[in-house]
Structure formats: structure tokens, C-alpha cells
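S.K.: Produce the entire structure from the sequences given, and follow the hints as far as they go.
Line by line, the protein sequences are chains A and B.
Going by this note's numbering, the first residue of the first sequence is number 33, and it counts up by one from there.
Going by this note's numbering, the first residue of the second sequence is number 26, and it counts up by one from there.
For the record, the hints were derived by calculation from the structure and aren't laboratory data.
Here a beta-carbon is modelled for each residue, glycine too, at the ideal position from N, C-alpha and C.
One thing to keep in mind: the hints can contain errors.
Claimed, not checked - Derived CB-CB ranges, DEER-like:
1. A:L242 / B:S252: 49 to 55 Å
2. A:W65 / B:T200: 20 to 26 Å
3. A:L69 / B:G195: 24 to 30 Å
4. B:G151 / A:H114: 24 to 30 Å
5. A:L197 / B:F183: 53 to 59 Å
6. A:L242 / B:T48: 29 to 35 Å
7. B:I274 / A:A137: 42 to 48 Å
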Amino acid sequence: MAIEGAAARPAVSASVGRSARRDLLALLNRWGWVKVLLFLVPACLLLTFYLVIPIAMLIVMSFYRSTLFGVVPDFSWNNYLHFWRNPMFPNLLLRSIRLAVTVTAISLLVSYPFAYFLARGTRRFRTTLLILVMVPFWTSYLIRTMSWLPILGIKGVVNYSLMTLQIVSNPVEVFLFNQFSVVLTLIHIYLPYMVVPIYLSLDRHVTLPLSLPGVVGGIVMVFIAAFGAYVTPKLLGGSSGIMFGNVLADQYSGTFNWPFGAVLALIMIAVVLGLLVVASRFTRLDAVFGARA
Amino acid sequence: MTDGRARSFLRIYGAAVYVFLYTPIVMLIVLSFNDSNSITLPWGGFTWRWYRALAENQSVFVSLKNSLTLGLMTAVISTVIGGLAAFAFRSRFRGQVAVMRMLLLPFVIPGLTIGVALLLLFHALGVRPGLLTTTLVAHVGFTLPYVFVLISTRLHRFDESLEEAAMDLGADEITTFWQVTFPLIRPGIVGSALFAFTLSFDEFIRTLFTIGNDNTLPIQIWSTLGSMVSPELNAMATLIVAASFALVIAGELLRGRER
Chain A
33 MAIEGAAARP AVSASVGRSA RRDLLALLNR WGWVKVLLFL VPACLLLTFY LVIPIAMLIV
93 MSFYRSTLFG VVPDFSWNNY LHFWRNPMFP NLLLRSIRLA VTVTAISLLV SYPFAYFLAR
153 GTRRFRTTLL ILVMVPFWTS YLIRTMSWLP ILGIKGVVNY SLMTLQIVSN PVEVFLFNQF
213 SVVLTLIHIY LPYMVVPIYL SLDRHVTLPL SLPGVVGGIV MVFIAAFGAY VTPKLLGGSS
273 GIMFGNVLAD QYSGTFNWPF GAVLALIMIA VVLGLLVVAS RFTRLDAVFG ARA
Chain B
26 MTDGRARSFL RIYGAAVYVF LYTPIVMLIV LSFNDSNSIT LPWGGFTWRW YRALAENQSV
86 FVSLKNSLTL GLMTAVISTV IGGLAAFAFR SRFRGQVAVM RMLLLPFVIP GLTIGVALLL
146 LFHALGVRPG LLTTTLVAHV GFTLPYVFVL ISTRLHRFDE SLEEAAMDLG ADEITTFWQV
206 TFPLIRPGIV GSALFAFTLS FDEFIRTLFT IGNDNTLPIQ IWSTLGSMVS PELNAMATLI
266 VAASFALVIA GELLRGRER
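M.R.: In C-alpha cells form, the structure reads like this:
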């Protein structure tokens, strides 16, 4: 702040002529970078501790060795080899990607006409309708996941209705604790991630092909969220609906194999970054995330 | 298909999606008043007993207090740091795109990997996990990109000629900021702080790996889900949803007023 004031004060006068104004701009240009630097330091410092160092630690940890007596600093590729040699892990990775792709594809199919409805089919209540889409977005996903338990369970609302209507005589178990319940719930939770960017691009442009940035943005957001899921498969997935994130988390809470957990975390980040690289070929991702620079 | 038929089809479709989005939450609210020990149907009559049980649950109040404290501190710190960064982005500087990408990166890194990575960092540093130390860092980092984007969007739409006019009339940069810029963007800043608060209040996965022995409301819900599931949980969820709705609507009204 002090630098700001010092830079600006000398050049200000009641009647600023062209040259004085140019002086002011020149001064700001000369000292502006100090201000910019000072303003950016807190954010950069925070991100260093929140993102840069932690990910660096994941990389270092992924080469360490886990023993019965704790983690031993070592350099070996064993944790990576462990991943590839045991077919369970690559299969789990593929299954999680497949689940996330399913969630993303269905979300896109559901969201596109819906976003079109919001952008073109409404006039009077548009703001209210938009807020109604946004509100669940800011409501705990833990609660939104939990809210499917009383619906899909053995004694849940769906079974209750089916039995009341005498469509089935005994409760059906197929709704909960499998991949179906995971996919359904993830779609329910992350639908706004798809609707909002598509709506924004349809709102701005008249023709449908120009909504591509919104579609790509939605795909990226929903895939990342679904692929990184932990709560939903843990709570509603049973044994067949377990995902990559659950096995990753287990390395830190159950089996305590931190180095192998670091490998899994890095693979998760690599998949996400790979998707971003592909997506950036189709549209400018910076704009998707609301950046203006 | 005629235009009218297409339009009514779109409306029915739109209504169906809203039903899908809101049915589980509405069921949760209804079931929180159900006089039955199971969390689901059949309907056993209307009761307040789950809310009374909740009011007598001391640990819920501790978690609530923790969540509120953490949310407030996150909102304040994140808004200051993110706001400063947004202001820096009004000027052009070298490496701008790189810095911006770094600021936006937390959007796309899965929260779970951030959680375990932070666990490794704090373990290596020897920091004891706690609500207002490790978890606060996690929450400020998590909310920062949202705050940054919201405030820079607001600043982008800001009419800079107002500031130039103030300076032409002899105000220095600090006076201009407090007398002109800040009052105009204040609704945007308060709105971002509210969003940061809501995000922090609901955040679970980054909290789980950084909080140690403390509890926030989402952590408490999670451990309750693991042990005993009772309609008391529905009551707690209903209150949290109601509070989130109120906050989001307050934020939208604030943001709407400046348009």
C-alpha cells in the first residue's frame, strides 16, 4: 500500500494535463512491479505449501521403501513395479476410469438439453432456476451422497414403493452397494458441474457448435470429480463399486503403505493432467475456469 | 415438431431434471421428521424427537463450533490473499499466465491427493495436525482459486474510468481505493467470502487427512455413518442444508444487488 501511494502522489494535480498523466503512468510502470510482487507473494507462498511442496513430497515418497518398522528412505522403482505386477491395481485403475467416463457421458447427455432449456426455454424465472441448479453445488457432497441411502437401500423408498405397488414381492437388492448406485449418485452430485459451463457458453453464443468450450469444461470438471471420488464409492459402492480413490486412501488409513499410496496418488494426478492436455487441444482451458488474463 | 411442442417438451424435461436433483434432499428432510428408528420409510408419524436428540448431543455442538470457526477464518484469510492476487492481475506482468495457471491448478487436482500429500508434508515438518493449523492451511488453499476467480471477474467488469476520474480530481491511490474502488466491489468481496465460508463448512476429504483428533461437522457425520445410522443424522443434514441454502441465497442477493 505504501508503495502504491508513493508512486501515485507526486503526479496528481487538480488539472492533469497530458504530460503529467504520462508521468503518472510512467511512474506506475516503473514501480508497478513492486506492487504486483507484494500482492502476489501471499498467494504464491500459500500455494507453495498447499500444492508445490506436497506434490514434490509425493514424488520423493514414491521411491521410498515401506517396511514393518516404517518408511525407509531409499531409491527404488519397486513401488511402481508393484503397481504393474499385481493385475488388481491396473484393473482397478481401468475400472475407475470407465466408471468416471460413464458418469461424464450420462451427465453430458442429461445436461445439454437441460442447459439448452435454461438458456432458451426460460425467461421470467431464469435467475431463480439458475440458483436452484447452483445451490446443491454449494451443499455438502457428503450429505448429497448420504441422501441416497434411505432411497436405494433394501428397506429404502424405491423398494418400499415397488412393494406397495406390488411390482415386486420381496425387496430388491440391486439398487445399492454396487456400481449402479455409485454412478447414479456421482451423476446426481456433479450434474451442476456440467450444466453450468454449458449454460454459460449457450448463453453467450447463438449457434450450438460454439458451445464446445462449455462442453469441454463440463467434461473436464465432472471426470476429475468422479475419477477422484472417495466418499461415494466408500459409502454406496459395496465391494464391486470400490474405486481407485478408496484403495489410495487405504494406504494411509488402513494398510499404512505410504510410499505405495504416493504412487497411486501420482497416477491419479497423471490421469487428470493427461485429460487436461487432451482437453486443451479442443479449447482454451484458462477461459473454461473463468480466468481473464 | 412445432415450436410450441418443442418448448413444452423442453419444459417438462427441465422439470424432470429438477425433480432428480431435489428428490433425495427433500426425502432427507421429510425423513428427519419420521417417528421411526430407521432412516427410511415406512412413515411412523411426525416427530421433533430427532431434533431434540440433536440439541442434547454435546459433541455436535463442539463440531459445529469448530466448523464455524474454521469457516470464518478460512473466509477472511482466503479473501484477503485471493483479493490481493486478483488486484495484482489488473496490471500486466511477466509470467502472468504461468502464475494464473498455478492459481487455478488446485481446481483440477483431486482433493484426495491433496489430502494425502498435505499429510506427508505436515508429518515431515513435525506439525501436529489440528483444526486451526493444518486444516486451516488446507481450507485456505482449497478456497483460494474460487475467491481469486470471483474477485477478478468482478474487477474485470469494473469501470476503471471511475478511478481515473478520482485521481484526476486529486485523490491519491490509497484514497481512491477506499473511497471509490472498495465500496463498488464490496458486494463482490463479501459474496466471495460467503462462498469461501460455505466451501470450507462443507469440505470433507482434505479435512479428513489433515485434522488429527479434532472434529468438524462433516467429519462427525462421516464417523456417525460408520457406526450407527439414525434419523438424527437426517436431522443434522437437514439443518446443514438449510444453513447452506440461506448462505447461498444471501450471497446471490449480494452479488445480484451490484448488477
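S.K.: Against this structure, judge whether each hint is valid.
M.R.: To see whether the hints hold, each was checked on the structure:
1. Between L242 of chain A and S252 of chain B the beta carbon distance is about 51 Å. The supplied range of 49 to 55 Å therefore holds.
2. Roughly 23 Å separates the CB atoms of W65 of chain A and T200 of chain B, a value that falls within the hinted 20 to 26 Å.
3. For L69 of chain A paired with G195 of chain B, a C-beta distance near 28 Å keeps the hint of 24 to 30 Å intact.
4. G151 of chain B and H114 of chain A have their C-beta atoms about 28 Å apart, which keeps the hinted 24 to 30 Å range intact.
5. Between L197 of chain A and F183 of chain B the beta carbons are some 58 Å apart, a value that agrees with the proposed interval 53 to 59 Å.
6. Distance hint check for L242 of chain A and T48 of chain B: the Cβ-Cβ separation is about 33 Å, which falls inside the suggested range of 29 to 35 Å.
7. The beta-carbon spacing between I274 of chain B and A137 of chain A, approximately 32 Å, falls outside the hinted interval of 42 to 48 Å.
Of the numbered hints given earlier, the model fails hint 7 alone.
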